[in-house]
Amino acid sequence: MLDPVPAAERTPILEMRGISKSFGAVKALSDVSFTVREGEIHALVGENGAGKSTLMKVLSGVYPHGSYEGSILYDGVERNFRNINDTEALGIIIIHQELALIPLMSIAENIFLANAPSRFGVIDRSAVHERTKALLAKVGLSREAPDQLITNLGVGKQQLVEIAKALSKDVRLLILDEPTASLNETDSAALLELLKEFRRQGITSILISHKLNEISEVADRITVLRDGRTVDTMDCHAGVIEEDEIIRKMVDRDLESRYPKREPKIGEVIFEVENWCVDHPQHVGRRVVKNVSMSVRAGEVVGISGLMGAGRTEFAMSVFGRSWGRNITGTVRMHGKDVDVSNVNRAIDAGLAYVTEDRKHLGLILAEDIRKNISLANLPGVSRRNVIDDISEMKVAQEFRARMRIRSHNVYQETGKLSGGNQQKVVLSKWLFTNPDLLILDEPTRGIDVGAKYEIYSIINELADAGKAVVVISSEMPELIGICDRIMVMHEGEFVGEVAGEGATQENIMRAIMRRKGREE
Amino acid sequence: MSTPETTAPAVRQSAAAFLKDNLRDYGMLLSLVVIVLFFQFATGGILLKPLNLTNIILQNSYIVIMALGMLMIIVAGHIDLSVGSVAGFVGAVAAMMMVQYNFDFVTASIVCLIIGGVIGAVQGYFVAYFKIPSFIVTLAGMLVFRGFMIAVLSGRSIGPFDPTFQKLSSGFIPEFFSSEGGLYITSMILGLALALLLVWQNIRSRARRQSHGVESEPFGFFVGKNILVLAAIGYIAYLISSHRGMPNVLIIMALLVAGYGFFTNRTIIGRQIYAVGGNIRAAELSGIKTARLTFFTFVNMGVLAALGGLVVAARLNSATPKAGAGFELDVIAACFIGGASAYGGVGKVTGAVIGAFLMGVMNNGMSILGIGIDYQQVIKGLVLLGAVCVDVYNQRR
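First to last, the sequence lines map onto chains R and H. With positions in the first sequence counted from 1, the corresponding number in the numbering used here is that position plus 189. With positions in the second sequence counted from 1, the corresponding number in the numbering used here is that position plus 609.
Mixed in with the good hints there might be a few duds.
[Said to hold, decoys possible] With a straight-line cut-off of 30 Å between C-alpha atoms, the simulated DSSO-like cross-links for lysine-lysine are:
1. K898(H) with K584(R)
2. K526(R) with K834(H)
3. K584(R) with K834(H)
4. K834(H) with K549(R)
5. K584(R) with K549(R)
6. K479(R) with K898(H)
[As the list claims (entries may be wrong)] If the Cβ cut is set under 10 Å, some of the chain H residues that face chain R in the computed set are:
7. Q810
8. S814
9. V823
10. P827
11. G829
12. G833
13. G879
14. L894
15. S895
16. A951
Worth flagging that the hints you see were computed from the coordinates, not collected in a lab. Being a predicted model, the structure only gives us computed values, none of them experimental. Cβ coordinates follow ideal geometry from the N, Cα and C atoms, glycine included.
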C-alpha cells in the first residue's frame, strides 16, 4: 500500500549536494547529488567501488565535515557532522555490512551497549530486559530471549538485532548496507517486510543492495551510482523499471543475460560421497549433517540449495579435510576410488578444493599481497627443493591476475585493499592453482557486484567445460537455477529433493523444503 | 580460458617514489643510521672508535641471536616471555657441567642446546596443541626456569670457565697474515669479501628479475644502494680490523642472520609461518599444519635462547643467578622496533637485527654520555613506543 501523499510531494529529509571526496589521487566521489524524501525507501545501487559506501560514510559522519566537498542538508538545515555521534543524535543510523555486535555479550547488552537505561549510573536490568523484549518483537525476534548470547544466533538474526539496536536509538533515517547479502530467502523476505513496516511508521530508509529483485520489491526510488557519480534517480511509481535497465545504468554496458550460456558436456562420475554424517563440534550429540549422499560428474555444475542453517557449509567443510564438526562418518570417492580426506592436505591431494563463503576470515590473508595468497595452498608448485622461486611465484600470480581479470595495480597489492569481487577472484585463483578435480564454491558471489558476478559465473562455466566437477552452494535461488545442471535441496542436514537445472524454479525448490517442513510439524 | 595478457612491464619509478613505496623496509635502516650519526656526534667520535664498535657487537650478540627466534614466534602470532630465564638456566647448566663435572665444552654446549630445544618443545606443546595462550605458558616458563636456575646454582655464581669456551664470546678469529700496523688483514679481507658477496648477490638477482621483466627498482637507486652497502660494510670491517679483528661471535651471528633471513624469506616453511600469523584459519583451510609450525617456532626459540645463554655465560665467564634477567624485554623490543606486528604475520629478520642494534647503540651511546640507567630506561621505552607508532601510522597511510 502506498502512502496517500504522492511521493513527489513529500519533503526531502536529506539532501546531499555536490559531494566530492578523494583518497589521495583516487577520486571516490565527484559531485554526487542525492536526495531522500521523508518516509520513503530509497535504494542506492552501483557496482562495487561505485562509491555507495563512501557516500554513506560521508553522510553518517565517519568522514567528518571538511574531509569532503559539498554540503549536506538534513531537515532542511545545513549540517556539518564531525563524527558518528552527531548523526546518531539526529536519528541517522547506519548498519554496516560487517555487523558490529559483540559475540560474547547478550542481545540486550548489545542493544543497550552505549545507552543503557540506568538509575544513578547503575544499569536498570529489568528495564533493559523489558525494552529489549519490545524491540525484538518489533523486528520479529520475539522468540529470542534478551539474554541470549549473540554468538548463538545465525547471521540473519544478528542482522535483525542490529536493526533492533537502531530502533532503540529513535531512528529517523535508517541506512542499511547490503543487509541481505548473507541472508537466505526467508530471512531476506522477513527483513524486507520489516522495511515496509518501518515505512508505514514513517521511518525513512536507504537501502544499499546488489539484489535487484529485492530492490524492485520495496524501493520507492532508486539512485544509481557509477564511478563516483550519480547516473540517475528513478521513481518506481512512475512506471515499471526493468532490472536490465538498472543494470545497464550501473555497468554502462549491456549484459546479454545475467547468466552466461553453457552447453554442458557431462562425463564420468568424479566425486561421490556416501552416508556422510557430521556432529556439531560443541553441542554434543547434535547431528548437523545426516546421511548425505551425492555425486558429481565431470563437466557438471551441481547446486546445493537450502535455508540458512540447513547444514550446507557444514557438509562441505567436513568433507574438505574435516574442517568442521566431529564424529564424521561416511565415505568419499574420487574417480571411483575411496580417498582419505581426514585432513586438509589429504583432501587437496585427493583433488578437492573448497572456496569458503567467508573470504575475509577463512579465505584470505588480508595483510599479504595477491601473489602470496594465490600460492598459499600450493607452495610446492612454485618451489624447488622447498625453496620458493620468487619469479615463478610471481608469474603464476600474474597469469591468474590476467586470466581472472583481477583488478589491481599489480600482484603486490594487499588483498585487504581489494574490492569484494576481486578478493573472491584471488581466493578462486588460489584454489585453481592447486589444480583440483572437484571445486566446492560456497556462496561464490556473496556481496559482490553484478559485473563481477557475471565474471565468476563465466569462470565456473570454463571450469566445468575443462572437465572439472563443480559444486555451488548458494542462498540465491535464481543464481543456482541460472548456472547449475542439477540442484540438491538440503534441509535440516538432509537432502530432501533434487531438481534438474532445466525446469528448476524457485517454487519447486521451496516446495521441496516446505514439504519436508510440513511432515515434521 | 582467455589467453593471459603479456606480463605487465616493469613500472618506471623515480628513486624518490620508490623509496616512498618501500619506506617500511628502508625506514628502520635510516633510523639506525641517524641514531648512529647522532651519538657519533654527541660522544665526540667515541661511538665508532674500533674498541667501542667491537664492544657494541659483543654486548648485543646474544640479543640478536635470540631476536631471530623471537621474530618467528611473533610472526606466528605468539610471544615468548621465558627466553631470559631459559638463557640463564642453560648458562647455569653449562657452568655446572663444565666447571663442576669437567665436561668438555663441545659436549656441554651440545647438551645445552638440546635442553633448550626440549624446553621450547614443552612450552610449544602447550601453546600449539593445548591451545593455551603463549603469554600464559611462557610467563609460567619464565618463573619456572628462573627458579630452576637459582636451584642449579644454589644461589651462587659458578665460574670461571675453560678458556676455550670463553673464546665463544670474547675470542677473535685467528690472523693468518699479519696484524702489523694494527690492521688485522684476515678480518679485513673477510669483511670486504662479505660486502662484495652481498653486492654480487644483488646484481645477480637484479639481472634475473630484469630478464623476466619484473624489476621495479630504479637503476640509480640500485647503484646508490649497493655503493652504500659496500662503503658501510667496508668501513665497519675496517674499524673492527683495526682493533683486534672479527669476534668469533660476530661470525656466528652473521651466519645465523643469513640462514634465518633465507629461511623466512625463501622456504616453504618460512612462508607458512607468516601465513599462520597472518590468518590462522585461512592457513589451516589451505592445508598448512598450523599447530606443527607453531610448535616448531617454540623449539627453535628454545635452541636459540640456549645459544644466547651460552654466549652470555662465556662473556661473563661465570653463571650468575642474575644472568638473563630482563633479556626477554630487550629481545621483544628489538623485534617490534624492527617492524614486527604485534598481531602476527608481519616482520623481517633484517628488521629484528636492526632493532637489536638500534637499542644496542642507544644503550652504549647513552652510557658514554653519562646518562643514568634510570633515564636510559625512560628513553628506550619511549623509542619503542615511538617506533611502533610510526609503523602503525605508515600502515594507515
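Verification of the supplied hints:
no.: 1; hint: K898(H) with K584(R); verdict: 26 Å, holds
no.: 2; hint: K526(R) with K834(H); verdict: 57 Å, violated
no.: 3; hint: K584(R) with K834(H); verdict: 26 Å, holds
no.: 4; hint: K834(H) with K549(R); verdict: 38 Å, violated
no.: 5; hint: K584(R) with K549(R); verdict: 24 Å, holds
no.: 6; hint: K479(R) with K898(H); verdict: 29 Å, holds
no.: 7; hint: Q810; verdict: 14 Å, violated
no.: 8; hint: S814; verdict: 9 Å, holds
no.: 9; hint: V823; verdict: 6 Å, holds
no.: 10; hint: P827; verdict: 16 Å, violated
no.: 11; hint: G829; verdict: 21 Å, violated
no.: 12; hint: G833; verdict: 22 Å, violated
no.: 13; hint: G879; verdict: 8 Å, holds
no.: 14; hint: L894; verdict: 6 Å, holds
no.: 15; hint: S895; verdict: 4 Å, holds
no.: 16; hint: A951; verdict: 13 Å, violated
In summary, the numbered hints that this structure violates are 2, 4, 7, 10, 11, 12, 16.
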